[in-house]
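Given chain A's structure and the hints, the job is docking chains B, C and D onto it.
Protein chains in written order, with our numbering: chain A, 1 to 221; chain B, 1 to 221; chain C, 1 to 221; chain D, 1 to 221.
In case anyone wonders, no lab produced these hints; they're calculated from the structure. Every value quoted in this text rests on a predicted model; they were computed, and no experiment measured them. Among the hints, a few may not be true.
Stated by the list, open to error - For each label pair, taking beta carbons as the anchor points, the in silico distance ranges come out as:
id, chain 1, residue 1, chain 2, residue 2, range
1, B, 117, D, 111, 41 to 51 Å
2, D, 216, B, 66, 23 to 33 Å
3, B, 117, A, 113, 50 to 60 Å
4, B, 42, A, 215, 50 to 60 Å
5, D, 202, C, 216, 49 to 59 Å
6, B, 42, A, 115, 47 to 57 Å
7, A, 24, B, 219, 52 to 62 Å
Heads up, the beta-carbon is just placed ideally off N, CA and C, and yes, glycines get one too.
Number of protein chains: 4
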Amino acid sequence: MEHSLKNTELLDYYKARGWCGTVGFGDRPALLVVDLAVAWLKGEKVGSDLTAVVAQVRRLLAAARQASIPIFFSTMAYEPDLSDAGGVIDKKLRHLDVFIKDTPVVELLPELERRPGEIFFIKQRPSCFFGTNLLSQLIGKKVDTLIVTGCSTSGCIRATCESSIDNNFHTIVPMEAVGDRCPSAHEANLFDINARYADVLPTDDVISYLNGIASAKAATA
Amino acid sequence: MEHSLKNTELLDYYKARGWCGTVGFGDRPALLVVDLAVAWLKGEKVGSDLTAVVAQVRRLLAAARQASIPIFFSTMAYEPDLSDAGGVIDKKLRHLDVFIKDTPVVELLPELERRPGEIFFIKQRPSCFFGTNLLSQLIGKKVDTLIVTGCSTSGCIRATCESSIDNNFHTIVPMEAVGDRCPSAHEANLFDINARYADVLPTDDVISYLNGIASAKAATA
Amino acid sequence: MEHSLKNTELLDYYKARGWCGTVGFGDRPALLVVDLAVAWLKGEKVGSDLTAVVAQVRRLLAAARQASIPIFFSTMAYEPDLSDAGGVIDKKLRHLDVFIKDTPVVELLPELERRPGEIFFIKQRPSCFFGTNLLSQLIGKKVDTLIVTGCSTSGCIRATCESSIDNNFHTIVPMEAVGDRCPSAHEANLFDINARYADVLPTDDVISYLNGIASAKAATA
Amino acid sequence: MEHSLKNTELLDYYKARGWCGTVGFGDRPALLVVDLAVAWLKGEKVGSDLTAVVAQVRRLLAAARQASIPIFFSTMAYEPDLSDAGGVIDKKLRHLDVFIKDTPVVELLPELERRPGEIFFIKQRPSCFFGTNLLSQLIGKKVDTLIVTGCSTSGCIRATCESSIDNNFHTIVPMEAVGDRCPSAHEANLFDINARYADVLPTDDVISYLNGIASAKAATA
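Bound conformation, chain A alone:
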């Protein structure tokens, strides 16, 4: 049986048992772009074609900038000798030596056109919350809703969504704005994310929500 959101029988099975509820949008969103760095798109070892995902993220970035909400970009980076990985996780993920600090492959994709005030941070684990100050920044900026985009669905996206709802942020995944090099991993994890960690929605719905935020701010300005 296919483990996918397209499998309505499976979806019904989960819904009947209490999973797949709707969290809904809150009032103060932030946009998080996970690991759209050079290595994940063009790297020899771990890269894959995420052109369509990047295009959707660019649409979301435009709406988020219009709505003047906080925007965060993550990347992954370690010391050249991986001494800061710690000696265990780097045995499971043998490609971490691709992600060396201050090398071009860990830089953001230039087409995301990061602007002043938009935060770019290094993480060293799948979840953007682990070993970073993301959580305290979201609280300081009074965020209640986290829109999670980027890659990979089966790794950093799922892990970040889990941390986000663990912390009781309204967590939203615009489904065309996340991707994975492996189609079966993408499908299976998008199902689980929707069942457990986030509302998985059409990107257009998320953009409508952001446009609503922008309009409301303009009306009260």
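Structure of chains B, C and D alone, referenced to chain A:
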């Protein structure tokens, strides 16, 4: 394409890109039994037949007790009004109202025969590390290896394995000792766990390792 | 030189170097009552006379209930054999064996008159945030301001204030509503808390703020 | 009454109530040097003369290198616009704008002579554990004992010791190897650290311990 450990083509694809490395065993293991509470086995809403899993966990418990290693059991429990869930995660997981503190369904399965000194703790999120003192207890007890068993593969097992390797514990899943009500979720997540978060091994191999620990302790006693 | 808020020379020295700024109140407060459990007031080993502190906390509770804001109470509690302390911290704090789960001394003071919906939780470290779900509950309840009261100024109050501002909550200490068995510890730590972690204010000012919240809610109701 | 380790009456009062226990050394230490960066020594706003502290840290570094144990150095650094501080803590600590990433003042003191494999990391809060990967690195490197040195006693040293023992590391402060610009803050906090969070010992005792580790390693090599 099936997202499963049985899919050797998929496994080769991942290995070639650096995933699925071997973490190996450390020297000071602990055994963690996740959520083998009454509700997950016999609950009307969320229960499923995990008889075979429980049998394997009992074998591991016997070996762990022989080796005198720390043993932890988790359960999930909330206030009757779910006020301590927080108002967001409980909208996604609408079955949390099954897990009320001090009710019989959140108790451990009696057949696990928990003994004095074995720790039973409440968690409120998929990962046994979130909002608990598990991590500090593992450090205080000088543990370097965490053996993760119980349910469900696609929820609390995966989430706990991720936290465990994030923190650089050697993380081990005895494959017959974890289960999930949904077969496709079990398969897909066991693949991802092995790719990213833990060594997924035959239960017999883990028992041999524990027997080795017991023998070494006996030899130096 | 006395390390105290009464020492204006010391205060000026700190202010000139950038400490002791004003965080101010946010819009969505919660009230946290730290460890006003029986043991800390009446326990043979660790108890001290905190009657005046309890009286101030009762005033704050009344204002907080009027303003319908979230209210949290912590206590400290361990297994009878301290197995869940972990083996290190219990060597430094040799009185932890006073705080055993489900014994009368770890219960809340009855004069606090806890009501339904007000959350009572166990912590095992000085900070109310360590190993608990407090943070996720504050986020889920959209709190941006934490009012910290109870005991002891030099231990759990200071530690909790530090965690709170680390996470970017507006952190407020009503100065007559926190206490410590040791006067010199109280004075020295209140100075440091004000310098680094929280706005230390007269309790009356905090009650005025809460009354303002209550009025604003009544006006829009 | 002076809040200081020199006050034996106060010490007796605390000991009689269960504080000030001895944690002792474990078997696998790491040395942590907190914030011995240029700004804290030579900065116009926050600098102070820590020459004697640096000399003691250099002695400890020599012993730690001889014993081949993990060595960590922290510094504090933010974006030029402090956007990553979060908007609340930067109101309390108005000097954070001194600590800008990639400027000379956040660099390590050159006399510490950091070597390859010794880890230099950025933190943004008093505790070296908050928002960093220090904890996971200590676990990955099998550390059970953390020796905490540097500055300032009343801020980052105390906060780091608290996190360390919260996590059940044997926590040790060589007393001449920590310092603070303010003598009364140094005294008061060293008392509290010894009462609650760490064994405060003569630096010579810590060096003897490290020499013992070095000898034991040489004997088994």
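To see whether the hints hold, each was checked on the structure:
| no. | hint | result |
| --- | --- | --- |
| 1 | B:117 <-> D:111: 41 to 51 Å | holds (49 Å) |
| 2 | D:216 <-> B:66: 23 to 33 Å | holds (30 Å) |
| 3 | B:117 <-> A:113: 50 to 60 Å | holds (58 Å) |
| 4 | B:42 <-> A:215: 50 to 60 Å | holds (51 Å) |
| 5 | D:202 <-> C:216: 49 to 59 Å | holds (57 Å) |
| 6 | B:42 <-> A:115: 47 to 57 Å | holds (55 Å) |
| 7 | A:24 <-> B:219: 52 to 62 Å | holds (60 Å) |
Of the numbered hints given earlier, the model fails none.
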